[in-house]
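As they're listed, the protein sequences go chains A and B. So in my numbering, the last spot in the first sequence is 1648, and the numbers never skip. So in my numbering, the last spot in the second sequence is 1648, and the numbers never skip.
Simulated from the structure, these hints should not be mistaken for lab results. There may be inaccurate statements among the hints.
Copies of the same chain look alike in the list, so a pair counts if it fits in one copy or across any two.
As the list claims (entries may be wrong) - Computed list of lysine-lysine pairs in DSS-like fashion (alpha-carbon distance at most 30 Å, straight line): (1) Lys1269 - Lys1594; (2) Lys1269 - Lys1453; (3) Lys1412 - Lys1533; (4) Lys1611 - Lys1269; (5) Lys1533 - Lys1273; (6) Lys1509 - Lys1594; (7) Lys1412 - Lys1273; (8) Lys1509 - Lys1533.
There are 2 protein chains.
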Amino acid sequence: MPVNLSAPVASDLLSVAGVRIGVTEAGVRKVDRKDLTVFLLDEGASVAGVFTQNRFCAAPVQVSREHLAAGQGIRAMVINTGNANAGTGAQGLENARATCAALAAQLDVAPAQILPFSTGVIMEQLPVERITAALPAALADAQAAHWGRAAEGIMTTDTLPKAYSRQVEIGGKTITITGISKGAGMIRPNMATMLGFLATDAAIDPALVQPLVKALADGSFNRVTIDGDTSTNDSFVLVATHQAGNTAITSLESAEGQALQAALLDVAQKLAQAIVRDGEGATKFITVRVEGGKTGAECRQVAYAIAHSPLVKTAFYASDPNLGRILAAVGYAGIDDLDQTGIDLYLDDVHVAIKGGRNPAYQEEDGQRVMKQQEITVRVLLGRGEAQDTVWTCDFSHEYVTINADYRS
Amino acid sequence: MPVNLSAPVASDLLSVAGVRIGVTEAGVRKVDRKDLTVFLLDEGASVAGVFTQNRFCAAPVQVSREHLAAGQGIRAMVINTGNANAGTGAQGLENARATCAALAAQLDVAPAQILPFSTGVIMEQLPVERITAALPAALADAQAAHWGRAAEGIMTTDTLPKAYSRQVEIGGKTITITGISKGAGMIRPNMATMLGFLATDAAIDPALVQPLVKALADGSFNRVTIDGDTSTNDSFVLVATHQAGNTAITSLESAEGQALQAALLDVAQKLAQAIVRDGEGATKFITVRVEGGKTGAECRQVAYAIAHSPLVKTAFYASDPNLGRILAAVGYAGIDDLDQTGIDLYLDDVHVAIKGGRNPAYQEEDGQRVMKQQEITVRVLLGRGEAQDTVWTCDFSHEYVTINADYRS
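Next up, chain A with everything else stripped away, as it sits in the complex (with noise of 0.2 Å):
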């Protein structure tokens, strides 16, 4: 069951100027299912993504990565799911070509101008025949206010889609911004989450898009974990069409770069949010905020040693305030000059332990009332410096070995 999670209402998602959707069913490894999800662009949009840093990352990440790099204009994302294209070799990079090359005709644009995304089991071949198939449907269904229709599209073991909009002001033009993702499983995005779409109507120097699309990530998609596997197929892409109206931002320091990176990276961390609030199996939604290190770096290794730790994430699901787990997490994060007794940690707000050693005002119901809310905030203070940084992760549960042990039976 999703945290705090609940369906996106249709209404609710705002169209952006320049972006139309198609969504239909290729039966690309299961009929009657929304699996094919076409975002079409208008010509002049700005494109820009970030990729899974895995070695082993699928061919519509090369190919995409490429794609960006020709610098022709991307007019056309194409997403399925059911398949990853990943571990597939040779044939798998031409699987993924094939794909953007139909999509190309059918728009009579170049094949470097389409974009393809691909999430779903590994080292299988993509089968391009049901793809392309399937184009005209999901060009004949596109229109602006299929946002909803895409946070369904890109959906694979995601219980609910995932999908945010919202306005900002800016030079006295409204600004609005739509993003969907998806999750749910091997989530442990490094550069972006398996799948993230965000687009804002708001002109912008194109130069800005890809400094932009980074730092969003890095605040929001980059923050989250499930279960530590870094997957084959992150993508994170950002997509400005322009269309506002608003006097074209020509700084991400100016007052009105800071305002429009400032409303995308709070749609950008709600989206990454869900994704660990729809985790496999999560039942709670828990936020770990290191304080006090040297580095930002540092303090984001030790909030990933506790967000990863199996021990840590299943005292979590059985609200047993079993908090020595936390402070093992934190000894073993890699900081070799750590100092022990420098170290506190609090659980929302009641203090746990004090300088390495347990609070003697800490009394185990306390810890208890906590564990046993849904959203709950470790907090460790590293008494070694300023930085400060933020992850948030799920509990780990029964119901993700089920997930897990089940996924292809």
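Given the coordinates of chain A, work out where chain B should sit on it, guided by the hints.
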């Protein structure tokens, strides 16, 4: 249920001249349970150890390190279960020292000649009075033949005691090696705390004992993982009593040194593997062998990424040959310049992936056949060098979650 592991037969366990062991019930956490073990060493024994790299190391680990460094000659080791004396601050250190002082007084040796070890729950103070009160009973129990009782005395959540003996001829003399270990089990799991104690009567230059224990740990206990959580209390100790009558070994590179090291490593590996076979919820024993790396370290890094992946471990549990998950783990193991097109994957003798893609000759039923076995070897060929390394692990089952979620409830 442990995987291909049975309790040692007491009569198979060989005494090591110069070592006597006493075991008793101190009621550390529960009554009617052997929870206090004392090793008595004849004067002249050489003792060396390797300890957890967790920065939150337990008080007894800190005290053991100090006492070994003091170099006064170790005469006894005292081990309690039920309480790890970790995350206990200054009081914890005081309690570990008090335990040593009490035993030292009864043996008429210095406190620095005692090594303390603890395993059990974290962040609770050690009941030092109950331990010191039980020391006379432990001493009264001391016999050379009590290795089987010692293996029972250090168990926590282990389902079976773990002990092995073997002999080796060196320079015409019979050298005896006996060791015990503990891991994690079912009743009150806490950290997967490992303790290993290995003794031999071989005569050997005392200066060689520390490099020897380090090499043994690297080849055995440092090659196993159950859940990736490094304990606060991990300790592995080697005792050499020098009483076998062999000409003292003066080099680990000599024929005699190599023969001793090989025999010790054999026992250490069996003890380490026994911990995995009895891992919490384990139903499969998995050997992960990575070959063709540039360095042993990178092979080990890849092997651990596979061995720690919850997705890989749940697939083994389900006997599901969802082997793309293994490729994904190889890809995110952190080798920046890894070329996926050089990688082959075998499951026992089944050639699953070739040059980064699915082997066209691979049949899923072959993968299925191997996955159903209780013992499976994953073999990854990186195709970039001559180095190799091996890690042993187990699968990830519902039972693991049950064990760790039900702790203390």
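Structure-based check of each hint:
1. Lys1269 - Lys1594: Answer is between: at 29 Å across copies they meet the 30 Å cutoff, but 55 Å inside does not.
2. Lys1269 - Lys1453: neither (34 Å within a copy, 53 Å between copies)
3. Lys1412 - Lys1533: Neither. Shortest intra-copy (41 Å) and inter-copy (56 Å) distances fail the 30 Å Cα cut-off.
4. Lys1611 - Lys1269: Cα proximity of Lys1611 and Lys1269: across copies only (26 Å, versus 38 Å in one copy).
5. Lys1533 - Lys1273: neither (47 Å within a copy, 45 Å between copies)
6. Lys1509 - Lys1594: So Lys1509 and Lys1594 fail the 30 Å test inside a copy (34 Å) and across (39 Å) alike.
7. Lys1412 - Lys1273: neither (35 Å within a copy, 75 Å between copies)
8. Lys1509 - Lys1533: Only inside one copy: Lys1509 and Lys1533 sit 28 Å apart there, 42 Å across copies, limit 30 Å.
Hints 2, 3, 5, 6, 7, counting from the list given before, are not met by this structure.
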